[in-house]
Amino acid sequence: MRIPLFLLLVLISGGLLHRETGREPFRSMEESFAAWLSTNSGRPPTPAPTVMVEIGEEELTRQEWPWSPLDYALYANAATAFQSRVVAFEPLLSWENPDANHLSLLRTRLLRAPQVLFGGQLGFVDGTHPPLPEGIAVLRQVFGNTGKLRDFTQVILQPDPALRDAGQIGFENLFLGRTGSLRRMPLVFRYCGEVIPSFALRGAMLWYGVTPEEVTVTPGVSITLGSEVTIPINEAGEMLIRLGTPLTRFSYDDLLLAAEEIGQGRKPAVPIDRLKDSFTLLTRTDRMAPRLEFGGREGSRGELFALAVATIQNKEFAQPAPGWVTPLLMVAALAVAALLARATAFGALTISIVGIGTYLLVALSCFSATLLVLPLVVPVGMILIALGLRYIAGINR
184 MRIPLFLLLV LISGGLLHRE TGREPFRSME ESFAAWLSTN SGRPPTPAPT VMVEIGEEEL
244 TRQEWPWSPL DYALYANAAT AFQSRVVAFE PLLSWENPDA NHLSLLRTRL LRAPQVLFGG
304 QLGFVDGTHP PLPEGIAVLR QVFGNTGKLR DFTQVILQPD PALRDAGQIG FENLFLGRTG
364 SLRRMPLVFR YCGEVIPSFA LRGAMLWYGV TPEEVTVTPG VSITLGSEVT IPINEAGEML
424 IRLGTPLTRF SYDDLLLAAE EIGQGRKPAV PIDRLKDSFT LLTRTDRMAP RLEFGGREGS
484 RGELFALAVA TIQNKEFAQP APGWVTPLLM VAALAVAALL ARATAFGALT ISIVGIGTYL
544 LVALSCFSAT LLVLPLVVPV GMILIALGLR YIAGINR
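Taking my numbering, the leading residue of the sequence shown gets 184, the next gets one more, and so forth.
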């Protein structure tokens, strides 16, 4: 095979890869690469005003699950006393036969909090579609195609009716990627034609003090929260999470002990000053709680929600590189292919390994400096195809 024809075939393959990048399996490859960059880049993550209050093994040894409204009232009281801006609950606040006095106490404590966020779940039902319950925001400023947003027809889990006037509801539905790993957080869903926020987006709206009327949604582009922040999203309304963001963590017992110590005029052992103006989330982290895989490790659902809100608070969003970058990378990959065509068999393999390794280091450096995600499939794919064609065609063998 002549070298000009060889290079033409490599260039055509690059164009085909570029055209198919938005489809599976290449889309999942690009998302995995973006998650890898976010996890491994040298960009120092910024601490966010998000606090996880964990229900762990010790708490469940003392008080078995499910907890009563009184247990949640103690958390709400302490978080409010320490001036949390948003008091959030990842566990569903619903009981079959709750103690009326305890439920009333919880409602009273919640009404004293600046903002309260409950978790809920969406599902499906055949036939008539019930209206949205109170406490669920509807986003009216929606532009573009919403056809790829996750669509639901029923609210299957929601807080006790006695609590619904005390806070807002956000939906905790999550979706595993093709690899079984969570890389993105859904921020909006469709419910019977309406666009509604997820738990993470509703939490960010409450923390920023943004009303539903101030939210603009453009699937495949961004979600804008008033003048506060613009969040890049894909066509399914999902945001890439900055998994390395540091979170402040307290145990449930530590939070209650800190409140008791303050009441007795003593200095708490935990840094309660971080609760002020924070998004404070109560969540289970014990061994029996549902576990998810993200960022190469396992964590709780609540940790993933906290990381998503923290990403929005810090405005650290991974964004794709501008469109003109891909043609430049195709030219660079073509130059590498030209070297492969003229190298020995061993030299071609060495050039390929060095070229791909160098590109990964460049992509890491670029992400660390700008949070831009360089493409993976086109440049690396062109080099691998060139290497394969070189051996198949017998160039310089």
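The hints are simulated quantities; they were obtained by calculation from the structure and are not laboratory data. Computed from a predicted model, the values in this text were never measured in an experiment. There's no promise every hint is true.
[As the list claims (entries may be wrong)] Okay, derived cross-link-like pairs now, DSBU-like style, lysine-lysine, Cα gap no bigger than 35 Å in a straight line: (1) 498 / 450; (2) 459 / 498; (3) 450 / 331.
Outcome of the hint check:
{"no.": "1", "hint": "498 / 450", "result": "holds (33 Å)"}
{"no.": "2", "hint": "459 / 498", "result": "holds (20 Å)"}
{"no.": "3", "hint": "450 / 331", "result": "violated (51 Å)"}
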